[in-house]
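Below are the chains, spelled out letter by letter.
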Amino acid sequence: MLHIKCPHCGLRSQNEFSYGGDATVKRPELNKEVSDQDWDNFVYLRKSPRGKHLELWQHISGCRQWFKVERDTLTHEIFRTLKANEEI
Amino acid sequence: MSQNFRLDKGGLIDRSKSISFKFNGKNYSGYEGDTLASALIANGVHLVGRSFKYHRPRGFFGAGVDEPYAMVQLIRDNESIPNVRATEQELFEGLEAKSVNCWPNVDFDIGAINNFLNRFFPAGFYYKTFMWPRSFWYKVYEPIIRKAAGFGVVSANHDQERYEHKYEYCDLLVTGSGPSGLASAYAAAQNGARVILAEDKSRFGGSLLTSEVSIGNQSGHEWAENIISELKSMPNVTVKNRSQVFGYYDHNMLVMSERISDHLPKTNKYTPKQRLWYIRAKEVLISSGSIERPLVFGNNDTPGVMLSSAAKEYLKIFGVLVGKKPLIFTNNDSGYETAIEFKKNGIDPIVLDTRKDPSSEIVNEAKSLNIDIKFSYVVVAAKGYKKVKSADIAKISEDKKQLSQIENINCDCICVSGFWTPTIHLASQSGNKTKFNEEIDAFIPGQSKQNETVLGSAKGIFTLEETLKTSFEKGSELSKKITNKESNISVPSVVEKKHTNHDKFWCVPLPEGKNYKRFLDFQNDVSVSDVELALREGYRSIEHVKRYTTLGMATDQGKTSNLNGLQLVSDVENKVVPQVGHTTFRPPYTPVSIGAIVGREIGKHSKPTRKSPMHEWHEKNNAVFVDAGVWLRPRYYKQGNENLFEGSKREAKNVRQNVGVCDVTTLGKIDIKGPDAAELLNRVYTNAWLKLPVGKARYGVMLREDGIVMDDGTTTRISENHYHMTTTTAQAANVLSHLEYYLQLVWPELNVNVVSSTEQWAGAAIAGPKSRDVLQKLFPDLDVSNEGLPFMGYVEGNLFGVNAKIFRISFSGELAYEVNVESDNGNFMWEKIMEIGKEFNIQPYGTEALSTLRIEMGHVAGSELDGRTIPYDNSLEGLVSKKKDFIGKRSLSKSAYVAPDRQKVVGVVPLDKKTSIPEGSYIVKDAKAKLPNPKLGHVSASCWSVEHDNPFSLAIIKDGKNMIGQKLFAMSPLKNKTIPVEIVSSHYVDPKGERVRS
Ligand SMILES: [Zn+2]
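Protein chains in written order, with our numbering: chain A, 1215 to 1302; chain B, 3 to 1000.
Bear in mind the hints are in silico, worked out from the structure with no lab data behind them.
In this text, all values refer to a predicted model and were calculated from it rather than measured experimentally.
Any given hint could be a false lead.
In the BS3-like style, the derived pairs of lysine-lysine whose C-alpha atoms are separated by at most 27 Å in a straight line are [as the list claims (entries may be wrong)]: (1) B:K884 with A:K1240; (2) B:K483 with A:K1261; (3) A:K1240 with B:K885; (4) B:K896 with B:K884; (5) B:K675 with B:K885; (6) B:K168 with A:K1219; (7) A:K1246 with B:K886; (8) B:K519 with A:K1266; (9) B:K234 with B:K19; (10) B:K693 with A:K1219; (11) B:K519 with B:K376; (12) A:K1219 with B:K483; (13) A:K1297 with B:K168; (14) B:K896 with A:K1240; (15) B:K451 with A:K1219; (16) B:K693 with A:K1246; (17) B:K376 with A:K1266; (18) B:K284 with A:K1219; (19) A:K1240 with B:K891; (20) B:K19 with A:K1297; (21) A:K1246 with B:K884; (22) B:K896 with A:K1246.
Let the sequences and hints guide you as you build the complete structure.
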């Protein structure tokens, strides 16, 4: 079980969190033209890297905040966690 | 029965407490402190089971967790427990155990014929033997394999025992209480660190219990006892025996199983049998020791052949002789310790040492005790079927290839020592890159992956002096990092016998013309010839050889077989062991009972049960409940002998004719506040929300980004910046997370707060043509006329002193209201509604009537919003705004979503107006078409229409829009039904929606 440092609450066990996927995906802005290709990429296409991955987690059984985790998908090492509005 | 093999004195057992027990129906006695294994051996019992594949007789090989043979079926407190290691099971009064893997009994086992047919059971026999003829599989092969498989029988009864989970944090977790564990735990404890020391056996001390050493001026055993009692007295230390740390997981989380009552005749009602500890440690000190390695020779699985260290343990801890004419077969000095121990107890052992001329303190001591030692000698084969009777031995040439003349000598046990294998399982599970150490012919831990530090013989350090020194140091160093405290500990002086080098020889060649089975894996019956065959057949990778031969795949995880298997592969392949590599170690290190893994999460504790505030009322009024997610909801209120069908029909009819009331507390509710609340709703829902006036509700549909409907519900504008959202019962949690995702990550500029208020409100839906009459009497001061409180209107009222929110919304298609009060007032509200509604023939209705009402109205719900449908499929396209953007809108223009023959919800009526259509049925054009019959869609929900008094279903079918009026078939292969049907509009009742507006 991972040990994840919520930027708001501190270190907690994985079972308090839920996973939210790639944190680098940006939703296309509302009311803007988006090509089919770009939209499909946004909805469906995700990288599956072996190694560092910036991802979203939500502290559902805690403060309910979404935040970012930089994690190694191979070793599960967590390098750092960031608040939703912080950039790497 | 007398204990013929028990010494008159000695051992750590309590001879004042005699214990009687039963094995295979016979009565025996032992002492408190015995294991089942030691007590059986004391009684001269060496035949405990039959082997897995060949059903060869099996005895005892070890004295602890590494035991590959002695698995028994334990009967304890009316429970029958399989896969119990006799070497770990402590004796208790009345214990009863049986052999496994044998039929009809352990002495005469029909399966043993496999032993003589063994040419039909070569390596990979599972893959080869049972392939052809194909028709034999179900009738012949499978039943035979099933009967032969496994170690014991799983009880079909519900496990009555209690198991618990515990979560714990510590600075240092120390796994094993041998010299390295004690020293490091002690040093860390002195520095003020929070320490957990875990020992899998009942006694602390590990090798110190059986070795002839002194530490300071005490014996090793005394020193261990003093350290343990000091550790136990310290508030920062938790000391646990009978506790096996079996898994090392991510981020230094380890799992330990504590056997709390396994050694007692019965578990107390509220005492758990076992407890699983999830331990998050800052530092992990692995002091798991090492396991003696077998030597491989002919028939080396005969009962009476066992590890020399185990023989010593039976002697020193249990005062038990594993034999009275012992033969010690060794390639190193450890075998001499066992020989000397026998000699001290008046038994004359013979030592066969594969080495030519070793010289060390302990060899010299054995010589001076006049122990018969034969150098350059090996055991060629054990003789005897159910027990060792003699041994064929021979001198071996210096190159270890040639055997001289074979001699036969009498013996009743053969104690083997092939040097030591560090127990690196936990380190390997952590991710430690282990490396091969040529000096000890074994893998030892290398670079740490997580915070694991390996100590003592688990690291390949085999002298006590160095073990203690490095363990004190590590314990102190690692704890100081955490506590910033350092207390001075002087490492005590040590007296121990120095050992000389071991011989790398491990496998005795077969003598000319003999074809003895030489076993590598004793639990899965894998022999040298099996591995050789696998290699001849082209298997190269050790992982493949393992799976093909099943080497090391038994419940003992190859604790005694792994390295000899690797040695063999490297010898045959002319490689060195590190090139072959070892197979992956995976948790658990030892078998863990399923009960312990499940813990208390069984039966009604497997998930929380949520009940509405009106639950007790429902119970008192004969509600039959149904699980709705984690909620318990009334399905119908049983009157007399009614069944579900009759009851729900009565309830639904009463809603259509008079008035009914339904507990809708379970609906998800989200409180939304903030100046940008309307903007959020406008982006989340498909329809327009910016102009919803205060005091009005609106129905809305929300999508995922891929265009699929996520949920639906109504949201009401309570005040300028305050909205009350409802979700379906099932999606409540997901919708909240969904809103939080967009507010926190995508549109943080929106000034809105959302919070779940599901549990704050109790809800009652009052539905039916007389609902207004009921409402008027509930709220006499309110104007509840169609003009005063129109459809989709909202008003707050006073319900006999209780604040209430009144929504004029309808799920049933009738004139209806939903009244919400604070949860604590829910029951009061409910009783008032029932009391006042009496004169209007009000009846409560459950989820079944609720479904009936919505299905015949054509209201889509969970069975249509099934994660595969878009708004159009559900005839919700009218709610999709063309003007504004919202979540998922861009996906709706995908070509599949706008196809002219896109699927759509329709109504389905059986032509005979009698036959109910099973949910999940396929709709097809031609019932007799060739398979696979192309399906047009599926039936999503079925009911008995109370309005039309005939069956009615909803279905989602291809080109549904143009199918109205078609005669088709509903087919349910599951129920074996084919029903001719007509496709009709999904709005089977009040298609214009006049009633809700009346
Ligand atoms: Zn948090």
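Outcome of the hint check:
Between B:K884 and A:K1240 the CA atoms are separated by roughly 24 Å; this keeps the pair inside 27 Å, and the hint holds. Note on B:K483 and A:K1261: the hinted pairing is violated, with a Cα-Cα distance of about 39 Å set against a maximum of 27 Å. A hinted pair counts as satisfied when its Cα atoms are at most 27 Å apart, and A:K1240 with B:K885 qualifies at roughly 23 Å. With a C-alpha separation of about 15 Å, the suggested pair B:K896 and B:K884 falls inside the 27 Å cut-off, and the hint holds.
For the hint linking B:K675 to B:K885, the alpha-carbon distance of about 25 Å falls within 27 Å, and the restraint holds. A distance of roughly 21 Å separates the Cα atoms of B:K168 and A:K1219; the hinted pair therefore holds under the 27 Å criterion. Proximity of A:K1246 to B:K886 is assessed by CA-CA distance (about 11 Å); at most 27 Å being required, the pair is judged to hold. At roughly 51 Å between alpha-carbon atoms, B:K519 and A:K1266 are farther apart than 27 Å, so this suggested pair is violated.
Restraint check: the Cα-Cα separation between B:K234 and B:K19 comes to about 26 Å, which is no more than 27 Å; the hinted pair holds. Among the hinted pairs, B:K693 with A:K1219 is inconsistent with the structure: their alpha-carbon atoms are about 42 Å apart, more than 27 Å. Distance hint between B:K519 and B:K376 is fulfilled; the C-alpha atoms sit about 24 Å from each other, no more than 27 Å. A hinted pair counts as satisfied when its Cα atoms are at most 27 Å apart, and A:K1219 with B:K483 qualifies at roughly 21 Å.
A hinted pair counts as satisfied when its Cα atoms are at most 27 Å apart, and A:K1297 with B:K168 does not qualify at roughly 31 Å. Of the pairs offered as hints, the one joining B:K896 and A:K1240 holds, with about 20 Å between alpha carbons and a cut-off of 27 Å not exceeded. As the CA atoms of B:K451 and A:K1219 are separated by approximately 20 Å, the hinted pair is consistent with the 27 Å bound. Distance check on the hinted pair: B:K693 and A:K1246 sit about 23 Å apart at the alpha-carbon level, within 27 Å; holds.
The straight-line distance between the Cα atoms of B:K376 and A:K1266 is roughly 61 Å, outside the 27 Å bound, and the hint therefore fails. Taken as a hint, the B:K284 and A:K1219 pair is honoured in the structure, with Cα atoms around 15 Å apart against an allowance of 27 Å. Our distance criterion of 27 Å between C-alpha atoms is met by A:K1240 and B:K891, whose separation comes to about 16 Å. Our distance criterion of 27 Å between C-alpha atoms is broken by B:K19 and A:K1297, whose separation comes to about 64 Å.
As the CA atoms of A:K1246 and B:K884 are separated by approximately 14 Å, the hinted pair is consistent with the 27 Å bound. For a cut-off of 27 Å, the pair hint linking B:K896 to A:K1246 stands: about 17 Å separates their Cα positions.
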